[in-house]
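If you follow the hints, you should be able to join the two separate chains into one complex; please do so.
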Amino acid sequence: MPVVNENRSSSEMTSARDKNNSEDEKLANEAVIEVENLSFSYDLGKTNTLRDINLNIPKNKVTAFIGPSGCGKSTLLRCFNRMNDTIATAKITAGSIKIMGSDVSNPRVDPILLRKEIGMVFQKSNPFPKSVYENVAFGLRIGGERNKTAIDEIVEESLKRAALWDEVKDRLKESALSLSGGQQQRLCIARTIAVQPSVILMDEPCSALDPVATTVVEELITTLREDYTVVVVTHNMQQATRVSDSTAFFYLGELIEYDLTSKLFTNPAKKQTEDYISGRFG
Amino acid sequence: MDSKFERKKGRVSAELIATLILRGATYLVILSFLLIMGRIVVRGAPVLAKEGISFLTERPKILFGFYDENEKYHRLSSQEFREYQKENPNGIILSKQSANYSGGGIKSPLIGTLFLVLICIVLAMSTGIAAAVYLSEYSKRGPFIKVVRLAIINLAGVPSIVFGLFGLAFFCYFFPVITKSAPAERSAKAWEIPTWMYPSNFADEGYRIDMADTPPDSGSRKIIVHKADDGLEFSVFNARGAIVKRVKQYEIDATKPTWVDIENDLATIKSMRDSQSPEVFYQSSRTVEEEALISKLRPLLKLKRRLWLSFQGWEPSMIAAGCTLACMVLPIVITACEESLRAVPQGFRDAALSLGATQWQTVRKSVLPYALPGMLTASVLGILRVAGETAPIMYTGAFATGNLPWVGLREEGVWKVGEFFQRGCEAMPYHIYILSAKIPQSDLVRPMQDGAVLVFMLIVMALATTSVILRMRIRKKLKW
Ligand SMILES: Nc1ncnc2c1ncn2[C@@H]1O[C@H](COP(=O)(O)OP(=O)(O)O)[C@@H](O)[C@H]1O
Ligand SMILES: [Mg+2]
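As given, the protein sequences belong to chains A and B, one line each in that order. Taking the working numbering, I'd label the letters of the first sequence as residues 324 to 605. Taking the working numbering, I'd label the letters of the second sequence as residues 10 to 489.
Think of the hints as simulated: they come from the structure by calculation, not from any bench. Backbone N, C-alpha and C fix where the C-beta goes; we use that ideal spot for every residue, glycine too. Be aware that one or more of the hints could be misleading.
[Claimed, not checked] Straight-line distance between alpha carbons at most 27 angstroms, and here's what the computed DSSO-like set of lysine-lysine pairs gives: (1) B:305 to A:369; (2) B:374 to A:453; (3) A:453 to B:81; (4) A:447 to B:374; (5) A:369 to B:155; (6) A:414 to B:485; (7) A:471 to B:105; (8) A:471 to A:447; (9) B:189 to B:236; (10) A:421 to A:382; (11) B:485 to A:447; (12) B:198 to B:254; (13) B:374 to A:483.
[To be verified] Ranges of calculated distance between the beta carbons of each label pair, as one might list FRET restraints: (14) A:496 to B:139: 27 to 37 angstroms; (15) B:37 to A:533: 48 to 58 angstroms; (16) A:365 to B:473: 42 to 52 angstroms.
With the rest of the complex left out, here is chain B (with noise of 0.2 angstroms):
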């Protein structure tokens, strides 16, 4: 052929080798996804079958694994172990091992990480939006924004670990709390709330424990115990010397108290009372054991309790790996936001504010309604992600507990929600690393390692095809 469109040799080889190249990396990403995957389905799909729905609802136990004296194998929970041992008290157990959280399931990492996910996504989304509403409806440009906007993008780059460590040093041990106890020693800082800060002006800030043999009078900031015929009476006086309280032994519900252990501390304190002189007493604080019969006395005589406000942090819990996640998915959700923001036609904001409306008025009647689906679904995008982070939490509030964070709570009939959030829980992605880390390494640990992953990954990837098919439905649905 000899036309002027003949082709050329050279240039053809060249772009067999580029699409070569091209395709074998896109062919790359694919193979790596199918080997990641495919390990982790042909591992762990055999555990989830044998272990069936029980590998979700039974916490991490402790398993045994033995050869019996026809040389067969057992793994055995404690509980199973235990039975076995009754059914043949004669039988021969040989090279018995035993191995933590490889028995069981894990229903309380997966609970645990639901916790933290939803403790992040309220702080994170409440902060983000509010954040992100003032960059782009409020603030004017100026240097000062500038410098925030900086701070947002490089809060981006900061590797999790250092969030990890910010939130241990911050949120664990220097975050200010009101805590009921005594600040803890590490408190960089603490002040006794006034009493007149309190919801009541009755409080037993400063009371001290008295006693009289005769009936009581009258004193200031003062439980005074006297012994009548008919058991202990209780006077609690308030600051101006009023009676405020005069509760007796058997008005106490008789079942409750110890009462013998009162008798006790009243003694001891009667003793020491008695060595010192009644200034004395009164200008020392109060002493270990009065504090301890106060604690006693506290809900029997309903007395309110003293309250700090202490730069002590919350100790690693809940809370504070929630807060510590939060910190590092605030730049991802500050940047949904604007984005949803920006998505919204100027014209409602021009429309709203001539006719009238304040910016308030504006941003909640004509912006943000239009703006918060998007919000929502990327920022829980981008939150979503951080179910599957490790660093963050290790130091914060993750631990191996083995235990459902709301057990034992429930103290005479009433949950204590505020140490709810103070516990610590576990984690699936922290679970997984003691799995694989922290405990003895042998065959009894390898199905639950297995196990776990593969749920995990489901969980992690059905979030996201979830918040990815609902960002497009609304964005279909939103359209102006």
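With the rest of the complex left out, here is chain A (with noise of 0.2 angstroms):
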């Protein structure tokens, strides 16, 4: 496999591991999300694409998903923040999820609600083709805020929080088509943390970038954990050593191991979870 990433940042990142690591022995330590049993089926219960899942999600830490394209990553991310919604035959089967001590499967839960405190990057960069800052501004805008200078205030907090500040406060009004891609996953990120999440899920956010971009990136979500609880799914297990606290791996719908990342991927208990991060298959 192609080692993407420079030394530098990597050696750095361990070390802020490392720190953290002491600090909490126990993954369970203030989950901010918990999920129990949970089965999941797009196809109203005939099949379930997620079998009895179970596992806590800690607060103010990076948790990478990874596991071979297919196994479920995504769709129980989509899960968090209800996503799923859309597709009129998804259904949660069987168990709960518990985002900061609420189920989320609730009828009386309002996804709209959800969603603010559950921010999403996607795969592929989607920004708007509008205006750089009009992109941040979307979340306050349709959040009701009026107040120009507010607005303004939180698009700068955001941008200089997802490091593109000084790449574009000169052209804010330039449309965002016009970022190179990492430059404009940046700006998705901006644009999620505009509307104040405490929890950010990130889908591949790194797949499409080129090396230099992804390391960017990467930098970007290890800083993010002192103020967001981050999940994010990936299929490059060097990412995930770079930028996790703990990781899960996932195999054809099922949580096979999770566990500290340090751990994981140095001393797997599972003879599957060995076989994938050694590359023997996904």
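Pasting the structure below:
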């Protein structure tokens, strides 16, 4: 497998992770998302795409989902912010997901409010064909924010937080489509941050980026953990080791192993995990 | 040559025949295009050259053709004919012919077609866009949606004459309308709209005319006419018996009403009223005379009319024809709009939803703006084709009126917009049909036919070309 990252950021991240490890030995430490016996189906229960998933996602940590393509990583991610609602026949068939203590599959939960709390960044960067500024302001505007100075402030703050401000501060009025691929993806992250969520879900955020842009986004992800809980789906195991504190390995709709990243990659408990991370399949 | 790649004889000739047949078919298309176009241009162009701009700016007129004493042939409009007669009082007029619509120009059919297309665009686009948005953004797949889609596909295949007859039955004679005059006899069902639903609580519903020689006292829903020294005085009482208006004859513009009429009506009503007991009078509904008088007093006393909801349709009219055309193009519009919606990347919807937008916000802010240009051009392109349709409008709103649709609509300084749409109008395809099939054929009418057909062709082609160019432009501009 190609090594895409330079040593510099890699070693930096490793040390950051080591420090965190000593602080919390247990994964369940203040879980933001609690998944219990979850089964999920795209066809009203005929076949379960996800089966009996149990995991807790800790606060202010980066959690990586890895596994071969089609194993259900995106599906689980989209359960968290109920993006699967858009599919008529999609259904949680068993178990529950609790986010910050409340069950999100409860019909009384408003997915609109939920999604403001749980932002999402997509695999294919999808800025609107509007100006850079309007892209970041989108979430605020639909949330009813009218105050120009407030929006200005949050736009600047979000772009800074997404490590994009210096590159775009002079071209806020330009179309977002004129940015490079990596900048577009960071713009999408800024757009998500602007809504001030507490969790950010990222579905293979770097898979369409070149190595240099990937490095920048990866660095960004590691800094995001200070303020947000991040869940990142990746099919790139080096990336998981670089950015995440804990890693969940999925295979054919099941959660095979979930542990601290350092432990899972160096000393996997399951044979399947070992086969996967050593590149024997997937 | 004895190479193994040598050409075999039989294959070559088969190839040649196939090519010839295919090429011949292609040339046939071009040939028929040239024949049709050539004929229209060759015959129409001289007419346009001769008539000039007046062909477009004059209404159709009657045309006279005759020989004078020198055996010179004249083609004159009625006005020119009158002038000719004045100038040559003793001139001999031989074998005089006249033909309707053969003189003047095609202004009124052009304008009629314009209005029909505009009405059709507004109706078809608003309904079509709404339906397309629902189908592609809101509806979940299911048996009902399947039926809807089947209906749309089938609607597209219905012959246009069937749409014409449907429009006649539905929009002209059944569609529910709110009318100010009593429902027509054909009305399938009519309800009087209760007064409380009116914009203001003052309506003349149930008002009766009453006369008093003494100054008016009270009474409910009455217009009491009182003869005073300085003329008539009208007192209007509402349902609770409170006086809402008291108007003296001299306060009303003296030039407006024909007071003699009104006094005659009053006398008739009074005599009828005297022959009935008051109970009978107030139990029966308003008599014809009373209705007539009230309609005269209505503008003077500024009374509100009664309103009915009646299933009687609009009669053949512009709005009925426009609705019929809209029904006809609806499948085209919905399909075009859905296509434009599908072209908007799913990512835009996902992004908006993930940022906490509602479904409607998503549609309005991050789907519709990007689909709209494509929707507009694609559906306008489809809609413009109805400009050439005759069958759907010939029963539902196209008339050979010779008049512009707004003539006589201004009454007492007020434009009656509602009535405008309830009028019939002329239309280009119908006009051509009239010219070529409904009036006696002679050399008088031929130039008009040729000119009208050429202008019509040019317009339809220009519209089609513009929308194609527009669509290509927008396609190029909107890339993501
Ligand atoms: N919208 C959908 N409708 C039906 N099946 C789906 C849909 N999206 C994904 N799937 C199926 O669910 C399984 C898991 O998909 P996904 O979660 O996208 O995998 P991953 O992200 O791990 O590659 C796959 O077998 C895929 O075919
Ligand atoms: Mg995926």
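Now the hints, each set against the structure:
Annotation: proposed proximity of residue 305 of chain B to residue 369 of chain A is violated, straight-line Cα distance about 74 angstroms (limit 27 angstroms). For the hint linking residue 374 of chain B to residue 453 of chain A, the alpha-carbon distance of about 11 angstroms falls within 27 angstroms, and the restraint holds. A C-alpha spacing of about 72 angstroms is found between residue 453 of chain A and residue 81 of chain B, which places the hinted pair above 27 angstroms, so the restraint is violated. About 20 angstroms separates the Cα atoms of residue 447 of chain A and residue 374 of chain B, which keeps this hinted pair within 27 angstroms; it holds.
Only pairs whose Cα atoms come within 27 angstroms are accepted, and residue 369 of chain A paired with residue 155 of chain B is accepted, the gap being roughly 22 angstroms. The straight-line distance between the Cα atoms of residue 414 of chain A and residue 485 of chain B is roughly 40 angstroms, outside the 27 angstroms bound, and the hint therefore fails. Of the supplied pair hints, the one linking residue 471 of chain A and residue 105 of chain B is violated, its CA atoms being roughly 79 angstroms apart against a limit of 27 angstroms. This hinted pair does not check out: residue 471 of chain A and residue 447 of chain A have alpha carbons roughly 30 angstroms apart, beyond 27 angstroms.
In summary, the hint linking residue 189 of chain B to residue 236 of chain B is not supported, as the alpha carbons are separated by about 30 angstroms, beyond the 27 angstroms threshold. The suggested pairing of residue 421 of chain A with residue 382 of chain A holds, with an alpha-carbon distance near 13 angstroms, which does not exceed 27 angstroms. A hinted pair counts as satisfied when its Cα atoms are at most 27 angstroms apart, and residue 485 of chain B with residue 447 of chain A qualifies at roughly 22 angstroms. Under the criterion of a C-alpha separation no larger than 27 angstroms, the hint pairing residue 198 of chain B with residue 254 of chain B is inconsistent with the structure, at around 34 angstroms.
Among the hinted pairs, residue 374 of chain B with residue 483 of chain A is consistent with the structure: their alpha-carbon atoms are about 25 angstroms apart, no more than 27 angstroms. Taking the beta carbon of each, residue 496 of chain A and residue 139 of chain B are about 33 angstroms apart, inside 27 to 37 angstroms as hinted. Separated by about 55 angstroms at the C-beta atoms, residue 37 of chain B and residue 533 of chain A satisfy the suggested range of 48 to 58 angstroms. A hinted range of 42 to 52 angstroms for the beta carbons of residue 365 of chain A and residue 473 of chain B is consistent with their spacing of about 45 angstroms.
Hint check: violations occur at hints 1, 3, 6, 7, 8, 9 and 12; the rest are consistent with the structure.
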